[in-house]
Amino acid sequence: MARSYEVIGFKSTALHGTGIAMHELSLLENVREILENHALSQNFNKVTQVTLEIGKLSSVEPDALRFGFDVVMKDSLAENAELIISDIAGLGVCRQCGLQFELETSHDPCPHCASPFVKIIQGAEMKIKDLIVI
Amino acid sequence: MCGICGCSQPGKINKLQPVSGRVHQHDHDHDHGHHHHDAERLIKVEQDLLSKNNAYAGQNRTYFQQHNIFTLNLVSSPGAGKTTLLVETIKVLKDRFPIAVIEGDQQTEHDADRIRATGVPALQINTGRACHLDAHGIGHAIQELGVQANSLLAIENVGNLVCPSSFDLGEAHKVVVLSVTEGDDKPLKYPDMFHAADLMIINKTDLLPYVDFDVERCINYARQVNPDIQIIQLSSTKGDNFSAWTDWLAGHVKLEA
Ligand SMILES: Nc1nc2c(ncn2[C@@H]2O[C@H](COP(=O)(O)OP(=O)(O)O)[C@@H](O)[C@H]2O)c(=O)[nH]1
Ligand SMILES: [Mg+2]
Ligand SMILES: [Zn+2]
Ligand SMILES: [Zn+2]
Ligand SMILES: [Zn+2]
Chain A
1 MARSYEVIGF KSTALHGTGI AMHELSLLEN VREILENHAL SQNFNKVTQV TLEIGKLSSV
61 EPDALRFGFD VVMKDSLAEN AELIISDIAG LGVCRQCGLQ FELETSHDPC PHCASPFVKI
121 IQGAEMKIKD LIVI
Chain B
1 MCGICGCSQP GKINKLQPVS GRVHQHDHDH DHGHHHHDAE RLIKVEQDLL SKNNAYAGQN
61 RTYFQQHNIF TLNLVSSPGA GKTTLLVETI KVLKDRFPIA VIEGDQQTEH DADRIRATGV
121 PALQINTGRA CHLDAHGIGH AIQELGVQAN SLLAIENVGN LVCPSSFDLG EAHKVVVLSV
181 TEGDDKPLKY PDMFHAADLM IINKTDLLPY VDFDVERCIN YARQVNPDIQ IIQLSSTKGD
241 NFSAWTDWLA GHVKLEA
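As you go down the protein sequences, you meet chains A and B in turn. Going letter by letter, the first sequence gives residues 1 to 134 in our numbering. Going letter by letter, the second sequence gives residues 1 to 257 in our numbering.
Honestly, the hints are just simulated from the structure, not real lab data. Virtual Cβ for every residue (Gly too), placed ideally from N, Cα, C. Check the hints yourself; a few may be wrong.
Claimed, not checked - Which bits of chain A does chain B cover? Going by a derived footprint, with three or more residues having C-beta under 8 Å, they are:
(1) 29 to 43
(2) 79 to 85
(3) 125 to 134
Claimed, not checked - Straight line, CA to CA, 27 Å or less: simulated BS3-like cross-link-like pairs of lysine-lysine:
(4) B/Lys254 to A/Lys127
(5) A/Lys119 to B/Lys52
(6) B/Lys91 to B/Lys189
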């Protein structure tokens, strides 16, 4: 079976009943992998802080990320690192009248012309912004 | 070795090889001493968590285009009827063009067997407890399955209306299957999925007389979250309006001379 999935499966077994969403665990596995790649290319071996930017339209639960972070980072170079999560607001452009406006959900209609045809231009992202490393 | 991603085990989803990159070198003249190895420093990463998946999805999409493979990513709640829909679809279309199926749903143990019984190749991806398929796994599955050119490839995703919406597999379209026993407000409860899909199939319409499902309302909700969404109502088991779907498919699979 796939390695990363095994790890996730194992962790979720360990966390059974704690309510940590599988999906956030798999995203955290990606975080860990990106950290490991950066550790090689940028020559560091410990991460003390990780800042993530999570778009409001990304269908990711920041609380679930916080909850799973310590578990997924255990025995990695980011063990005991501090996690900072900042929001990215949702932004859309009306395909009818061109108005740019803030989106609370992926399907808010245009506040000017009420058109439901809105293109999302920001807020679906989930990014690792930066790290503090030693 | 995996020709798609360079990972070592064919057919296995494996960890990416670490990229070899720049290592801090000390062949330059510097007067800052070596304390910086102990000092904290900030590293800008600015990398999307989905960037790796999106890169694999891009490779898959290129492969599909080069080989003229029309690929669909079927998503739904467990039990909405994805496998049944596929089995019935294959029966109608398999003599017109080659069809292959990648099974990611483990809700039912025998989904891949059900597909193979129709005579087309199917590969079950062992997703374990994972909640979505990813593009890397699909890349390996394509190789293992040996998908033919000028064909239809259907990917049955894990039964889950949440996170498969964020994971591009390289497909031409996401197709969301909603059965009438699930309630007509599903598009509002899972807007991201209905937003990501290009086609909604309302399945099990044969059961409409027995359930409280307002088709009109469901369509309105779906259009509210995705004004461009196409909609086909059908019954996979009874065959009602099934040709609307198979015609849609046949219209999209372009057979090259
Ligand atoms: N009445 C009725 N039952 C259906 C229809 N399509 C699928 N089913 C049934 O729904 C159940 C789940 O179907 P399945 O294809 O395994 O769903 P999946 O989990 O989405 O792959 C099975 O018992 C099917 O026979 C339909 O159009 N009408
Ligand atoms: Mg199934
Ligand atoms: Zn997931
Ligand atoms: Zn407008
Ligand atoms: Zn690989």
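### Message
At least three residues with a C-beta closer than 8 Å to a C-beta of chain B: is that true for the region 29 to 43 of chain A?
### Response
It holds, with 11 qualifying residues against the three required.
### Task
Take the C-alpha atoms of B/Lys254 and A/Lys127, compute the straight-line distance between them, and say whether it is at most 27 Å.
violated, 38 Å
### Message
Check whether the Cα positions of B/Lys91 and B/Lys189 lie no farther apart than 27 Å.
### Response
It is violated: about 33 Å lies between the C-alpha atoms, which goes past 27 Å.
### Message
When I compare C-beta atoms, does the region 125 to 134 of chain A have three or more residues closer than 8 Å to chain B?
### Response
holds (count 10)
### Message
Please verify the coverage claim for the region 79 to 85 of chain A: does it have three or more residues whose C-beta sits within 8 Å of some C-beta in chain B?
### Response
violated (count 0)
### Message
Check whether the Cα positions of A/Lys119 and B/Lys52 lie no farther apart than 27 Å.
### Response
holds, 24 Å
Figure legend: structure checked against the earlier numbered hints; hints not met, in rising order: 2, 4 and 6.
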